[in-house]
Every structure is written in structure tokens, then in C-alpha cells.
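Protein chains in written order, with full-length UniProt numbering: chain A, 1 to 397; chain B, 1 to 397; chain C, 1 to 397; chain D, 1 to 397.
Please keep in mind that the hints were generated in silico from the structure rather than gathered at the bench.
There is no bait here: all hints are sound.
Copies of the same chain are indistinguishable here, so a pair counts whether it falls within one copy or spans any two.
The list that follows gives simulated cross-link-like pairs (lysine to aspartate or glutamate, DMTMM-like), each with its CA atoms no further than 20 angstroms apart:
# : residue 1 : residue 2
1 : K165      : E390
2 : K45       : E58
3 : K337      : E196
4 : K45       : D18
5 : K387      : D363
6 : K268      : E243
7 : K165      : E393
8 : K268      : E280
9 : K370      : E209
There are 4 protein chains.
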Amino acid sequence: MAGIAMLGSGFIARFYADALVSHRRPDRIVSVYSRRTESAERFAKDYRVPVWTTRMEEAISRPEVDIVCISLPNHLHEEAVMACVRAGKAVMITKPLGRHAAEALRMLQAVEKAGIFHGYLEDLVYTPKSLKAQQLISQGALGRILWAKSRETHPGPHSEWFWNKELAGGGAIIDLGCHCVEIARTYIGKDIRPLEVMCWADTQVKPIEAEDHAIGLVRYANGAIGQFEVSWTFRGGLDLRDEVMGTEGTLWINNFLRTGFEMFTSGKGTGYTAEKAESESGWLFPVADELNELGYQHMFTDMLNALEQGHQPRETFYDGYVVNAILDAAYRSARSKQWEPVQLEVWRGQTEVHVDRTLPDYDEHYYLVKEETTHYGARKVILQDKKTGEIIERVLS
Amino acid sequence: MAGIAMLGSGFIARFYADALVSHRRPDRIVSVYSRRTESAERFAKDYRVPVWTTRMEEAISRPEVDIVCISLPNHLHEEAVMACVRAGKAVMITKPLGRHAAEALRMLQAVEKAGIFHGYLEDLVYTPKSLKAQQLISQGALGRILWAKSRETHPGPHSEWFWNKELAGGGAIIDLGCHCVEIARTYIGKDIRPLEVMCWADTQVKPIEAEDHAIGLVRYANGAIGQFEVSWTFRGGLDLRDEVMGTEGTLWINNFLRTGFEMFTSGKGTGYTAEKAESESGWLFPVADELNELGYQHMFTDMLNALEQGHQPRETFYDGYVVNAILDAAYRSARSKQWEPVQLEVWRGQTEVHVDRTLPDYDEHYYLVKEETTHYGARKVILQDKKTGEIIERVLS
Amino acid sequence: MAGIAMLGSGFIARFYADALVSHRRPDRIVSVYSRRTESAERFAKDYRVPVWTTRMEEAISRPEVDIVCISLPNHLHEEAVMACVRAGKAVMITKPLGRHAAEALRMLQAVEKAGIFHGYLEDLVYTPKSLKAQQLISQGALGRILWAKSRETHPGPHSEWFWNKELAGGGAIIDLGCHCVEIARTYIGKDIRPLEVMCWADTQVKPIEAEDHAIGLVRYANGAIGQFEVSWTFRGGLDLRDEVMGTEGTLWINNFLRTGFEMFTSGKGTGYTAEKAESESGWLFPVADELNELGYQHMFTDMLNALEQGHQPRETFYDGYVVNAILDAAYRSARSKQWEPVQLEVWRGQTEVHVDRTLPDYDEHYYLVKEETTHYGARKVILQDKKTGEIIERVLS
Amino acid sequence: MAGIAMLGSGFIARFYADALVSHRRPDRIVSVYSRRTESAERFAKDYRVPVWTTRMEEAISRPEVDIVCISLPNHLHEEAVMACVRAGKAVMITKPLGRHAAEALRMLQAVEKAGIFHGYLEDLVYTPKSLKAQQLISQGALGRILWAKSRETHPGPHSEWFWNKELAGGGAIIDLGCHCVEIARTYIGKDIRPLEVMCWADTQVKPIEAEDHAIGLVRYANGAIGQFEVSWTFRGGLDLRDEVMGTEGTLWINNFLRTGFEMFTSGKGTGYTAEKAESESGWLFPVADELNELGYQHMFTDMLNALEQGHQPRETFYDGYVVNAILDAAYRSARSKQWEPVQLEVWRGQTEVHVDRTLPDYDEHYYLVKEETTHYGARKVILQDKKTGEIIERVLS
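With the rest of the complex left out, here is chain A (with noise of 0.2 angstroms):
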């Protein structure tokens, strides 16, 4: 069993301990740091951790502390992983890794000089159907990878940090995207070099600086494609969906909205129904077991199965790192219009990538494009000349 200092007392710190107090697992919170005092002396209270305390260092260095779980707003992390590394004592911490790659690359660089445990809280790559359709795509069943989209939208982030530019280091693209863009990465390969990224962004609705929806591309050196679509103007709750297209399949989930739970209600005696939910009346889509359904499960087992057989986790601060090098493209090509080249200091991947792209033969001379039946009954195929290239239909029957 694990001793966790959790630092920060908020809305992710209690999705964090939720997980980490459920279904009978033997790791305490050990600690509670929070800015404020009556915020940590709540969340003590709530999850019965023994010391809380406004004092950072204090709740990072008490000797029952095996690992730190940063759920910081993103402004402090480099501070929060900097007590860490002094403090010699593994960390874990909430997405994004920093607000930028230099700050990100700072983190990393520093827990990897001081050997200290270091994982990265990218939740939705450890969601249940992330997993599955991770393992799933590894035995092959969608072929070679061609597309991978993952879309994260709703109505807009639930504390005040989120809408300050300078503190968040950005706006829906760095609150969002990063899981995007991570999601992406898994199901493509995570050691394909993402190379450059063309991306859209605006403020459509909101009274900010910064962009409140954005959409990008992001194209790795195997010719995939990796496309993130994130939105704080989206209304109807929590859009969380990915698609994959590879050459031989199609894979779409749904992490959110429609899950196999609905719900028609006049209204009375609803409360709670989902994250982000914006009604109360009519049809509802609940989610029941978002701690599951979000990834925090698996995510924690994964870090602290890891962290006490001495082995790294699925994500650590690296993965954080390459993450906020493909967020530094994507706001610059929003401002060039351009595409923008995914800047790598550390690149730990392959380094070169064959592409496999030879049709299925249809028979000795001819490769196979497709094959169709019409909606008149007709059987065709199209064919490639083997020799000439040329490209042909052909009726069958």
C-alpha cells in the first residue's frame, strides 16, 4: 500500500480520491495540501486524511509520503514538481504536464536527474474503452492506422483559473487538447514522431482572451493523421467521442453521452446525473460509474502497481512532454495559418517508418481496389492492372 500527499483540495483532487478510497483499495491519502485553509480542512474531513495543511512542503515531506499526486491548477505545477524533486519523492500529476513544452521539458528533465517516479494523469487514455480498444487495435483488428480523432467539448470549465490565459497557459486547446492529442497518440503508436499540426482556433462566444473552440491536425512521419476537436461552447453536456479509421476497420466510442443509460424525466427529484450535465428534465443520458468510465480506476492502479514493482507507468512526464510540444504547434499555426513543425527536444520513438502499402491481389493480373453490390443488384469490383496500373470495373453476374 501507498501513503499519497495529495496536493490541491478541488474538483479534480476529490475525482482523484474518489478513486483512490474506492472498492476496498489499501492506499491512504495520507496528506491534504490546500491554498486555502477551510478548503483543506474540508477535504480532510470528507476523506479522512490525518494532516492537512496550507504549507506545501509540509504535506510533501512527512516520511509516510510514498508518492505525491499533483491536482494543481496548471499555473503551479512547475513549482509543486520542483517541491518533489527536492523532497526526493515520486509524483504523479494532472494533465497538462506544463503550460508549454519548455515548462513541461524543465519538469522532465528535473524527476529524470533526481531518479525519482514520475507518472502523468492522462486519464482518458486509461478509460475502460480506451484500454480495450487500445489492446484491440494492437492485435491488428482495424489494420494499419490511417485516422484518429478524438473530440472533447462542453459547456465550458467549472473554475475561474480556467478562463485566465496566463494561468492555464491557454484556453480549450490546453484544457482539452491535451487529452485529445494523447488519446490520438495511443492509438496511432505513441513511438511515431508527430511532426507538424494545422490548426483553427477562436473565441466564438465566451468574454476571454483566450480560444474557446479550436480544431487541429496533427500528421505523423507514418502518414497518420491525428485531429483533436475541443470546445468550451458546446451545449448538452460532455462530448467525449474518438473514431478511428485504419485499412482494415472502423473504431467509434463513446465515452459520455450515450453509453447504454437513458433517461426521460418531468423533472422531479433528478439531481446529479453526469459531469457537465445541463438539464434536469426530459432526456437524460446518465453516466453511472464516472470514476470508471473516466479512466481514474485503471489510471490508478496502473501508477501504483508501477510505482511499487519499480517499473515506469503506461504515462509519465515524457508523454506530458510530447503532449505540450504538439499543443506549442498547434497555438502557433492558429496565429500563422499555416502548418507549424512539432518542435522535439527529446524524441525517444522510431526514427524511421515503413509504410506498408500493397492492395490485396484479386488475381494474377489485377490487384483488388473494392468490391460493391448496387442497389440494382449489380456485382462489381474494381481492379488495379498490375503491370499498367491502369484501374478498372468489371460486372460480376
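Add chains B, C and D to chain A, keeping to what the hints say.
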């Protein structure tokens, strides 16, 4: 933490064990019994169980055993429960409790007389969706419950003993109906007495004596209707759905086939996608985290927390007995072709039920029966005269 | 082109008229009858009908009338049909044909004796999905049909006469069950004799004498089961779904609530989205083309083509009569609490039915009962010994 | 009624003809032209067309021809339109209008100069769902439109000429993007000027010069974004979906793969289930009435009603020209890797656009940015100070 003796090493024992060892749970399977040596040995190896045996008493009686988990075929339930009673060990048992109510009642009385902890492993009332639905219903989101249907159909069970009427106690009704009946009870209210049952059952396809398809209605004391639809002849995987109607709302749960994960594949490298899936190419509907979706996680958390904290779990042998009594009435009805009373020697719920059937007021003179906008734009209300009881329509605007 | 006399000017007459004048159809409504002057006049104006009247015979007897379309409340059906018989005019009639089988049989015998064209406007067996499903089933895509359920539930009808048991002939069963019963017949086979009915009915919510909720089972001569679920107490709109199970497949149709159109709106400017929708904000499920989705287009095309070409339409008074006979048995069963025989004085379908129940061969010695991959990776088959009939399991690989 | 000359006798000509002869429509195909004798002859036989010919002018010029329907490959559009111009015949043409904007503009100017009726057969803005969505949006159900995505992907076209860049004018962009771009225009407003386009395109799988996969963004004068996703590499059938975001709501349309019809079959006797379906067993999603779902019914009703009544149809050559201009910019952008302006020599919409971006009032001092109930039960609002512009959060209750 609890030491668990596992009786049985097959399909369901492995599902249970997967849940019991997941997510850093502190509990341990300390012994395993199986009728076949090689099966016991393999299970012990796969789940690192220190003791395996082909003698049931030996697995149960060890001092490190805090609770026995019975995962045996139906005809061995009573024998196993009685062994726990003799050893004075806490016990939890897979569904159904008995092959009929008389057997179930003997088990209930034995564990109660012995004063041992007893849990009924009805996983499907513990699925995250069921738990959330029970909570929403108890808050009043659906108003008064009128009808609760649960459907479980698939292409047939995985072990030979299920197909033997004597060993199993029946066919699809005893195998699947036990789930559906208890699910409906949790929605309608476990303290509302089931009065009578009407059931159709037939052997439409399979080469067996027992029924492979059945549909039943259970009438409750408050006028609500429970409905079960069970079959071993369904094609297309495991169909596991609930529908509930109340005066204020509707609730639809799909526990398996449509939960937000869809995949098309040409068939390369697919493998196991979900329990009882029937194909490995084309459009598939993988279930990402069966242990959680099927309720095993929340069920064992409840059972072992209850054991530790010294209170009853949500589901006890008493619930198993009530379910058996309802199913007995279903079997009688299938033969007699009329409604059959549920015979409950033991009943611990409400004995008088009051149903409030007042309509909402429309104005001083009328109750509102319904309101509708027609396809040609008229806004209509149907009203009932409070004095005369007459029903009229009125076009607004 | 056909000249049509429309009897009735309300909800259903307007739906029919919308279909009859759409998509450049050449047919014309040449007269309209209504019991109320202002209603007849308004209908005539809206649909440019040259003649309107409050005398039924006048609307029917005009020389330009080729066919009469009866869109009147149930208690006026017989009178209207007899008027057509006297005038020797072709007739098509809204559902149900009669309030009971005796009334239906009189109408059937009258039109047949008069030798006039007669069509039964059971629109829901003409929905594009129903027609496609019937075609796929007739091709064998589902194998032998085992069970066909049709469900129609909504928050209650739109006109006062529906709520009067005497005028309507009953409640939700006669109003909605007539659809469900005929839908099941088209899937099971209209030439397969319905033998007996088991039905539960209750008045759970509405202030009426007739039933507002009912569930029934219809057993057919080939062992197949038809099921209807009807209610006026459903919350959430119009729920119109069919499910069919066969030995080779499964079919699910959602005719209304989930047809690929979903909208969330804060509620500004929404208006009519679908028949019997209950809300105008939150998540809504608009029906794009109700005339087509509800079968009106294909129904009138079939009726008027049949009239022109001199053959019977898909649905005739005979079908209406069979439906009434089944519903009569349902009402009897709801009272007697046992299965009741379907009393058919006239039956024109098969009188002997043979059901082939041979299992597929597994090898020389065994039939294949089922095949499954378990969650722990085992590939299992359940087999039946061809000689002994014994069922065994075998683990492959 | 109209007499129609059909130019072309292949896939799309047959879809059109099926719609034109359905549901008792009075219009008649009076002549058919095909480049191949046997194809013209077969079409004439199948659809009972009195005149067939391999000389285009002959099909057009006959006196009984009221309108010409051009269903030819892209490279023959201009030639066919000019023939109609010379004959002074009304014309409607399949999509895209031209292979590029210059070709489209020549056709537009020619028909306008000749003063003949001209319709652009963009069926997908005529699907029942599109028409209903356009109506709901125009009523304000979604508020101000922010983003409109349309996606059309499938496993590749059915005739050889599509695969030839010269004849088709491009690949997936010209083939499918023309639909998506016009769909987005109808949601955003056809009078809002498209300003610039950013597009990624690649040849990921197929052995062709043109692109088989592309994603593009179109920025409009009011800040709204249109998005198209097109591919010939998709696996799993025909994916045809729209998503629209507005300040007051969200709209999702699935035109094909998930429209309320699901079937599992072991594969016996299935046959054609939907255009470009890829399998005939397992879970299938049949499309019941493709002619209606794909918009052909409503499109031809609009076209021929407009012709008869002497006004313009919803879609004219002008719309086809605008679409081509947008696609030209997409192709330029795919090469230049930056946003490219839409070059419109002719623009007939708004020239000045005002966007209202006022937030709703929360109280005297604050605007409401958003409201949320968190998973731990807090009710929070995010507010903007009307004077200072500062964003704050406030916890209610």
C-alpha cells in the same frame, strides 16, 4: 482484508476471481476447491492460490478462510451451504440460490440459525447502471413505478450441466430469470410483495427437456408489473436490457450490446470482444470492462465491506429465496396456463400498500389528463371534470 | 388517378391527406365529410377540397369519387362502411376495423358480398422499415421466426372519444394493440393461424374505465409467439419499436424515438418535433418525415395502385377482422386470467403447419448446440450425441 | 406532369429513375441517352422509356421533353449543359456542377444567359433530416451557428471514371466534399460568404493520383466554421453524418448507418441491405428507404414543382458554382499548406455581417458565463463583471 475460499473453478469462479484480485484489492483467495484435480490446480496456479483441493471441507475449514464463495453448479449449492454452516463460516453464493424455493428456504433457515453472514451474488443488481438507476428512482425521478422489464437472452450457456433439467433445476427461467426477477424487484421496491405470476415457456430450438425461451409477468401488491424475457435461442450475443416506466419518467438500460463502443473489422486479429459474442468480423460491440459492467466490482465491494463492518449486504439469502419462490410460480403457470400465486412462507416486507392515484390539477374545475401539440400545430389538452368525472378535450390557441 | 372521398377531418384524416397530396401524387380528395360544419370547411380549405358536407352519403355518392377513405372514430366505422356498400364504392378504412370481431366480420362480409375493393389502413406494416424487414425475413435472413414483439406506448391519445370505452371499444389494447398484433403477424407469417392469447391489462394511472396499460402474448400454430406491449402511461414521447428473434438472426426496429436525429436545445424556437413528443428543450429526437416513417406514403401507394390495377392491397378487411378476433381473445384473457382461444369463424391461411427443428451437424456423431469463446480464452462447443441425445461440452484448443 | 430526358444510365441515373417513378408520381422519363447501346437499351426496358439513343442531342431535343436530367460523369457535364442551352431545355444536373469553378461558372452563365430553368441535384440537403434540421435552425432552436460538420466516407466509388483524376476533377474531395460543403452552407446560411479554406488531403491507401482522404475547414464571414471529412478508405459501409453546434443547442444527424434498424444474421439469405454495405452477416444496419433517406424524393418534388410553378428550386447552378469555388480553395490549400481564399467572381449573398455576442445577464452586476453542478454536489456559477470584465466563480448553496 478477507481470506476467501473459492468453491468451484469454472466460468463463474474465474469471473469472480478476476474481480477479487483487481484494482489493488487487499483480499486474498486462500483456498480453492474443484471436483477435478487438474481444474483446481490450474485455477490455483492462475490466481496464485496457496491451497487447492478436491475435498470441499478442506477448502472451507482452514483458519485463514474468512468467507466462502460458492461458485458451483446449482445442484451442489445446498451441500456447499450446509458445509459452511457446519464450519461456521460466512458464505456468499452465486445465483440462483436454490433450484426451487424449498431448497432455498432450507439454506436460508440454516444460515440464519447458524448466525453466519450470508450474501447472495446477484451481480446484475450491482451493475453501475443498476445502482445509479435505483438511486435515481429512489429520489423520485420516475415517480411511481408502473412496470419494470428485464431481458436476458443469449445463444445458450457454456457448460453441460446447465442443459440438464435435473442438475440445473430448469432451463432459461432458472438460469436467467433469477436475474431479471431480482432486477425488477429493486426497481419496484424489494419490500413490495409479489402476488402472482403468469408465464409462457417453450422449448423452441434446443434439444432439451427444459425451456429455452420464456416470458413472464409478475404482479406486485402495489399494482406494478415486473416482466422477464429470457432465452437461450437469441442470436447476436448477450442481450441484457432493462426498461422501467413510472408516472414521471422512463428509464432504459443496455448493459451489454450497445454501451458506446462500436467496431467494424474485416476480421484480422480480433479475438474475444465480449461474453457470448457470436462473430469476430463485421460490426462488433465490444464490452470494455465486463467485470465492472456486470456488477462484479460493486458486488464484492459491498459483500466484503458488509462482512468487515458487521452488517448485511444489499442481497442476502432471503432475496435469493424470494426469487426462487417467484420462479416456482412461473414454472407452475407455464404448465397450468393461468396466473399462479407466489407462495412465500417467509415475507419480511410491507403487508399493506397504499397507491396514490390523484391526477395533477389543471385548474379549479379540471384535472389534467394529458397535453399535446399535434402535427398540424394545434395545442390540445385532455381534461377530466373534477365533479362529473367526464373527459373532454380543449384546443388551446 | 383516383378521386377520394374523405370521411372525417381530424387528426388522422389530416395525416392521411398530407400523404395523399405530397410528392406530386396525381390523386385528389374530391369531397370531405365531417360531423361539424366548421371542421369540414376548414379541412376543405386547407386541402383545397371542392366539396365539403356534414352529410356522409353526400360525400360518398358523388360520381367523381373512386374510393372512400374512412377516418372516423371507431364507433362510426360500421355505419360508414355500410354507406359505401350501399353506394357500391371502393373503401379503405383506418384502424381498427371494428370495436370487436363481430362488428368486423359484418363489415368484411358486407364488402365481400358487394364485391367492392376494400383496404385496411394498417400503416405500421407499411413503414419503410417494416417493409424492408418483411422482405429480409422472407429471404430467410432470420431463419425460422420464434418471437415477434411490437411495442407502442405514448402518453395517451389526442381526442376525447378514445377515452370512452363504449365509443372506442376499449382502451390502449384496441387503440394500439391492433397495430402491434398485425405487425407480429407480418413477421411470423399472415398465413399462420393465431391459436390463443394471454393478456394482462390494468388501469394504472388514467381516470378511465378502460385499460391504460396492457401486455399480451399470442401463440401461433407453428409455435411462434407474438407479443404486444401497449400503454397510454408512457413518458417520453411515442415509443414504437419491434423486436424479432429467429433461429438465424435478430431484428430490432425503432420507428420513432431513435432514428438518427438527435438535438439538444435550450428551448428557444423549437416547436413541433414529433408526434406526442413531451418536451421542447433538452435532448430531443425529432422525426424528420413522419408521413414516410409512419408508413402513410407506402400504404397509400399500395392501396391506390391495387385499386387501379384491380388486385387486392396488402391489407384488407380480412386482416382487420383477424386482428379484432385476436384482440377479443386478449380482452377475455385479461378478465379470465388464463389463455383464451382466438375464435375465427373465417380462416383463410394454412391449416397444417410443419416445423423443422433439426440441429446443424457438428460431425458424424454430434449435432452442434452452440459454440463460444469464454472470457478466459477457451473455445468451447456444446454438442448433442445423435444416438443417445446426451449433451456434452468439449473444449477446443 | 413533366417529360424528362435522362442523360446517363448508370448508378446515379437508376437511383434518380427509381425516385421519379415511385409513389404514383405523374412525371415520365420520355427518353434516355447513354454512351453504350446495351446500357441505354437495358435502362429503357427497365423503366419503360419509349425512346433510347446513343446520341445526346436526340434525347434532349424531342418535343415531349420538358426538362433534362444530367446523370453523366463529371467530365461530360459542360458538354451536356451546353446541349441543353442550345435546345433551350430546362436542366437539372447531378453533383458536382463542374470539375472546378471555372467550368461551373461557364455553365452558370450559359443557362442564365439562355434564361432556362436550372436545378442542382444536391440530394443531401434534401434528406428529410436535413430539411427538418434547416427548419429547426431557422426557427432558432440552435441559436447562432458556430460550427457545422458534414462527414461522408465509404470504401470507394463504384465506377472506374471516379478513380481517374482528369475525368473526375479530383478524388474524394470533388466526389464527396461537394455534398459536405453544401450541407454546411445550408446550416450556416447560404447568404453568408465563405472566406477561406484550410485542407489536408492525402492518398493513404488507394493506388491513385488523386486524394483518397481529406479533411477541410471553411471559414465564413460571420465567424462560423464549416468542416468536411471525406474518404474512400473508410471500412464499415457508408458513413454519412452531420453535426452542428450553436449557441443554444446541438444537432446530430446520422443519415445512414444508425437510423433505427439493426439486424444480426448468420448470413443466410441476406442480400442487399444498404448502399456500400461491406458485409452480409453479423450485425447489419439496413437502410429501409434509401430513396427517401438520401433526399431523392424531396429533391425531385422541389425541382419539378418549381419548374411547373415557374420559380427557382432550392438548389440552382449558382449553388453548384459556390461549392466548386470552395473546393478549388481546398485543393489549393492542400498543396500550399496554408489557408487559401475562396475566389468568388459572382457572390449574391450578404456583404456585411453583424454578429451579436452579448452574454446573458446574471444580475445587475454580472453576465452569466456558465452554471454547473459538480460531482461532489456543489452548484457553481462562472460570472463576468460587467464593468471590469473580470471572470469570477461563485458557489451557490
